[in-house]
Amino acid sequence: MVHPHLRRGGLSALPLALAGLAAVAAACLAGAYPAAPADVAAVIGRAAGLPLAAPEDPALTAVVLDLRLWRALLAYGVGAALAVAGGVFQGVLRNPLADPFTLGVSGGAAFGAALSMTLGLAAAVGSRFATPACALAGGGAALAAVLALSRLSGGLRRETVVLAGIVAATFLSALLSLVKALNEESVAGIVFWIMGGFQGRGRAELGLFLPCLAGGLVVVRFYIRELDILLLGETQARQLGVPAGRARLALLAGASLLTAGSVAVSGVIGFVGLIAPHACRRLYGAEHGTLLPQSALCGGALLVASDVLSRTILPDGAELPVGVVTALLGGPFFCFLLLSGPSGGRA
Amino acid sequence: MIRCQGLRAGYGRFEALSGIDLHVRPGEMVGLLGPNGAGKTTLLLAMTGALAPAAGRVLLGGDDIAAMPDRMRARRAAAVPQRAESASGLSVRALVLMGRYPYLSLLGGYGPDDLAAADAAMAAVGVAGLAGRRLSELSGGEFQRVLTARALAQATDVLILDEASASLDIARKMELYALLAARNADGATIVAALHDINLAALFCRRLVFLKNGRIEADGPVAEVFTHKTLSRIYDTDILVIAHPATGAPQALAVPAGGACLPAAPTAHGPAGDR
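Chains A and B supply the protein sequences, listed in that same order. Heads up, the first sequence is in this note's numbering, so the first residue is -10 and it goes up one at a time. Heads up, the second sequence is in this note's numbering, so the first residue is 648 and it goes up one at a time.
These aren't lab readings, by the way, just hints derived from the structure by calculation. For clarity, every value in this text was computed on a predicted model and none was experimentally measured. Treat the hints with care, as some may be off.
[To be verified] Residues from chain B shown here face chain A by an in silico Cβ test under 7 Å; the list is partial:
no.	residue
1	Ala697
2	Ala699
3	Gly703
4	Ala714
5	Asp717
6	Arg718
7	Ala721
8	Pro749
9	Phe790
Backbone N, C-alpha and C define an ideal beta-carbon position, used for all residues, glycine too.
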């Protein structure tokens, strides 16, 4: 007989998975360029290798695939990565307000990107991936600095890590502003990194992002049982046989890789890493084996939907940074979560 | 089984244990007693490897606990913590299953054997009905019993309990210690810190008294559970009488300077009616 605890099938993931599918479908259909659902389906079917007739409008293939589908898939991946990273940070730090910002990882990545743009690294190196790579390096450096700072001030306790993270984030935002002021012609580009967005992003960025996503998820998966136990604090973790310091470090590194990879391709997008895990914790409980997959599905759907809004809400095809949309949706939603009961608010 | 040698430990500059030499033999059930701040919790933390000694060492089955891999240590000694930090969103079953962590393979999840062990442990302490509840929905006493279930699920030879009965009512206390005594009869080595010295005298065969980070008394209950020793350790007058049913020594504190109510005047009227 199967134990009832093992019988929790994948069915509970269905609603959020369908929501993500619907969001991606909406992303392929919505936009200034008119596209009929049948034509969109044909374009995607042909791209998947199905023997379908091409739509009459030859430009439609480029619009649906290059401008919409790849972008939506990238947004989905970034949303999932940010949500998982937020869930991990909240669990490891046992702090409900922890997310990529609290550790300064997003700030470090954004600063790395801004520095690369100011120095013109992309042109110098001859690769458009120079800037995202610098974002990655900046995020990693910020994490290392935060961990070193908190170690010096008394070990990797949750208070010290968050404190060090806030110090790093504040310092990095000041540095970013300085770079911005010294190099005014690239303000628009820097704004993209600060507010986040997917404009003009797609297949190529997905190629850079996916290794980060895969690497981060593997690390988190490897330590997912330890993550549950770390919720109880270091003493109990050690009494239960968990190598607490190592597990915590690995989980922070994995979550930071997810964050830096996301910032590298889409800039700093707030609130996804906060909202998705909080909402899912309330619905599905705090066990990370369930919480993180659900958060990933939730974050993916949320960010694709936000991206669709960001490029359709303004007239004349103008785009809002997607970070503006997530903050507009996330702020009130987070207030609702905080006010509607204590159980989901605590990690 | 557990041997502390010249053990010193503390927090920062504060030294909570100033040289402990203690040998707990296999199959013993030891009550660890002493006033507040005596160092009981610190000693138990050091015994479980959760707190590194500043000097000296702790041997578990002959092996230095500091050099033991985390999982191996957790397969030998399980702890029921005192001020347990909880994670409100976890379910009771998830918390108890964590006791099976030391037995998991590198990537494996909790399997049928682990679930069966967790279920058995929850049944043993009478919390099987709570399995699906979240921790935030438990009372203090229920939470303490769930933590005890987790330690039982860990299936260790050594059980280390820090005030595991503090939030329990008198009947639950008796149940818990009867359960521990049964485990002890089956061969488990048990060290339990308690403030309820009468409970300790009822169930433990050996008592160790700590005071100011040192062992003040150590021996069989009949030898150390005396008017003289108790009064000295707790700095107050404590009488010892025999338990009417079991004969075990039981302590009665004597209020200083007669600062208490006179005996209630029988059933004729309310106690305050005079």
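Hints and how they fare:
no.	hint	in the structure
1	Ala697	holds, 5 Å
2	Ala699	violated, 10 Å
3	Gly703	violated, 19 Å
4	Ala714	violated, 14 Å
5	Asp717	holds, 5 Å
6	Arg718	holds, 4 Å
7	Ala721	holds, 3 Å
8	Pro749	holds, 4 Å
9	Phe790	violated, 12 Å
In the structure shown, a violation is registered for the earlier hints numbered 2, 3, 4 and 9, in ascending order.
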